[in-house]
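Asks: One letter stands for each residue in the lines below.
2 protein chains.
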Amino acid sequence: MNILKISLLALAVGASPQLQATEPIQPIQPVKEINAAMAELGKKLYFDPRLSKSGVISCNSCHNLSMGGTDNLKTSIGDNWQQGPINSPTVLNASLNLAQFWDGRAEDLQEQAGGPIANPMEMGSSHALAVDVISSIPGYVREFKLVFNGEDVSIERITGAIAEFEKTLVTPNAPFDQWLLGDAEAITSFEREGYELFKSSGCTACHNGAAVGGNSLQKMGVVKPYSTSNPAEGRIAVTGKDADRFTFKVPTLRNVELTYPYFHDGEAATLTEAVDIMARLQLGREFSQEENAKIVAFLKTLTGDQPRFLLPMLPPSADATPRPTPFEDDDALKQEISRR
Amino acid sequence: MNILKISLLALAVGASPQLQATEPIQPIQPVKEINAAMAELGKKLYFDPRLSKSGVISCNSCHNLSMGGTDNLKTSIGDNWQQGPINSPTVLNASLNLAQFWDGRAEDLQEQAGGPIANPMEMGSSHALAVDVISSIPGYVREFKLVFNGEDVSIERITGAIAEFEKTLVTPNAPFDQWLLGDAEAITSFEREGYELFKSSGCTACHNGAAVGGNSLQKMGVVKPYSTSNPAEGRIAVTGKDADRFTFKVPTLRNVELTYPYFHDGEAATLTEAVDIMARLQLGREFSQEENAKIVAFLKTLTGDQPRFLLPMLPPSADATPRPTPFEDDDALKQEISRR
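Listed in order, the protein sequences are those of chains A and B. The numbering of the first sequence is UniProt numbering, which starts it at 1 and goes up by one. The numbering of the second sequence is UniProt numbering, which starts it at 1 and goes up by one.
Just so you know, the hints here were simulated from the structure itself, not pulled from any lab data. Any given hint might turn out to be false.
No distinction is drawn between identical chains; accordingly, a pair holds when it is met within one copy or between any pair of copies.
When the alpha-carbon atoms are kept at most 20 Å apart in a straight line, the in silico SDA-like pairs for lysine to any residue are as follows [claimed, not checked]:
{"#": "1", "residue 1": "K145", "residue 2": "V131"}
{"#": "2", "residue 1": "K199", "residue 2": "S216"}
{"#": "3", "residue 1": "K167", "residue 2": "S126"}
{"#": "4", "residue 1": "K241", "residue 2": "M121"}
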C-alpha cells in the first residue's frame, strides 16, 4: 500500500498533471464557442486587400498567418510605402490579450480591426469606403445576409466577422504545453532548465498566464532606461498620464520563435538579443551565454500548432465596385517622404 | 433499329461527347505528372515575401491565388510602391501559355519566376541575395536537400520549385468544360448563344485551345489602333522588329471573370468594356448590348475550380538570415517619384 502510494506520487511528479495549477504559465486552450460561419466570412475579409485604399494591403499583410501572424519587419509598410510607427504584434492568441495594440488603446479584437482600415498610415481607406466596397460585391452581400440574419454589410459586421476569425487563431499543443499537461519527455532538460531560470529570474512576473504575456501593461526599462530612436511612448498616448510614458502591453511569448524582430520598435533582431536586453533593463542582471541559450531554448518550446486552413477564395468585384486607387495622392507621398 | 440509331444520334448531339474534337476550345486537363514534393516546396517559396528586398512582396502579392491569380490592379505595385509598367497576368493555367510575360520574353514558368525577384521595379532583390536568404533558413535547406537529391539551394532550384507549383494551378471543371464534356445543362441557352456569337464573330481566331488564348502573339489594334497612355510596346522589345510593335501574347480567357481589369494596360475595368473594345478594334464590328451581354455571360462560364490548398507555413528565419530592408534607398524612391 505504501509502495503504491509512493509510485503514484512519483508518477504524479513525473507526469505532473497538477503542474497546471502551480505553474505561472497555463496551456493554451483550443477554440470553443465559435460562430463558424461568421469566422469563415471573417477569414475572407482578413485576406481581402480591397479593405485598403490601394487594393494590396489586407490584415494578413502585416499579420501574416504564414509567418507567425506578423510581417517579421521592424515596423510595417503602410499605404504608399509609409513606414509604420511600431512593430506589428502577432495576431496569434491575440484573443487572450487584456487589450489590443501595444498601448492597449483598443478594448478588443473587433475594435482593433477597425483601426488599420481607416488609418492613413496603414490601409488608408475609410470605414465608409470599406462598406461601399464590400456591399458592392454580390458574394459578400449574400454571405453577410446568411451570417447576420438577413442584415446588410456594415463596418461593425465587417470588424465583428474579422474578430470572430481571429478568435480561431490560437496555437495549442506547443511542446511546453505538452509538458505542462504531463508529458515529461516533451521538452529537453536543457529547455526545462531554461524554464526554471525564466521563473527564478523573475521573467514570469510579467510573462505569465496562457499567453505568457498579454495580460498587463508594464514599463519598458524598469532598472535601466530603454534607448531607442522610435518615438512611440506607449500608454501615455491613451491616458495622458506621465507615469504611463514607456508603458506598453507585455507581448505574448507564444510562438516567439516566429515573431521576430522583437520589442515595440522591432530593434531586437534575435531572441538572444531580446533576452539579453530584457534581463539587463527589466531585471538588472546579465545572463551568461549558456543561461541565455537555455532561456532561448525554452522560449522555442512555446511554438504551438499553427492555424491550418484552406487559402480563402474571395468573391469577385462587380462592375459597380469602387476600384482601388494605389497611385493617387502622389503629392501627399512626396510630402511624407520629405518629412523623413 | 432505325429508331435506336436516331436516338443515339440525338443523344450524341445533345450530350455532345464528340464536341471536344470539333470545337475550337478544349477542356482544361487536370494536373498530371507533378513532382509533389517539389511543388510543395515551390508553394512555400511562392508565398514567401523574403524573396523580395522589402520582405513584403511575394509571387502571391501580384498573382494572388485568392483573387484569380492576379492583383486586380491596372498595373502592380512594386518595391518602394513603384508603379509597374504593365498589368499582372494571371498565373492560373499559365503553364498552358506558349511563353510567359505579355511580350513572351520568357520561355517557360521557371524562366519567368526569376524575373520579378531581381527586377528593381518589382521584388527588388537579386538572385544572389535570394539564394543567401533561402539558404540561411534551416527549414528550407533541409527541404531542398530532400527534394533535390541532397543538393543545396540555388536560384535554378528556387525558380524550378516555384514553376513546379505553378504547374498545379490549373482550373478544370468550368461550366463550359462540363458542357464540352457532354453535360448539355451545364450552361444556359443565353450563355450558349454567347459562345456561338463568340465563334461566329471570329473571337476564336485568337482565343482558342484549352486556355482560350495564351497560344499566340497578336497585334493589339488590328482594324483600328488601340489608344493608351501606357508606354509598353509589346513584342518589339524582344525582337526589335517594327512589325512586332503592339504585338502581345493573347491572354487566356479562363477565369476571366476574376482577372479584371483587362488588357496589358489594365484600362478596361469590366468585361462589358473589354468585349466592346475587342469587337471594335480587332474585328471591326459593334455588338449590341444584348450581344455583348451574351458574350460576357459565356465568358463567365470559363471560371473553373480554383486551386484549393492549405495556406503554407513558412520556415522561420535564423539569426544569420539577411533581414529585409524596405526603407533603404529613399533617395532612389524620391527620384522615381519625381520622374512620374
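Asks: Would you mind marking each hint as holding or not holding in the structure?
Replies: We went through each hint and held it up to the structure:
For a Cα distance limit of 20 Å, the shortest separation of K145 from V131 inside one copy, 14 Å, qualifies, whereas the shortest one across copies, 48 Å, does not. For the homomeric pair K199 and S216, the shortest alpha-carbon distance inside one copy (17 Å) is at most 20 Å, but the shortest distance between copies (67 Å) is not. For the homomeric pair K167 and S126, neither the shortest alpha-carbon distance inside one copy (24 Å) nor that between copies (39 Å) is at most 20 Å. Taking the closest pair of Cα atoms, K241 and M121 never come within 20 Å of each other, the shortest separation being 25 Å inside a single copy and 46 Å across copies.
Checked against the numbered hints given earlier, the structure breaks hints 3 and 4 and satisfies all the rest.
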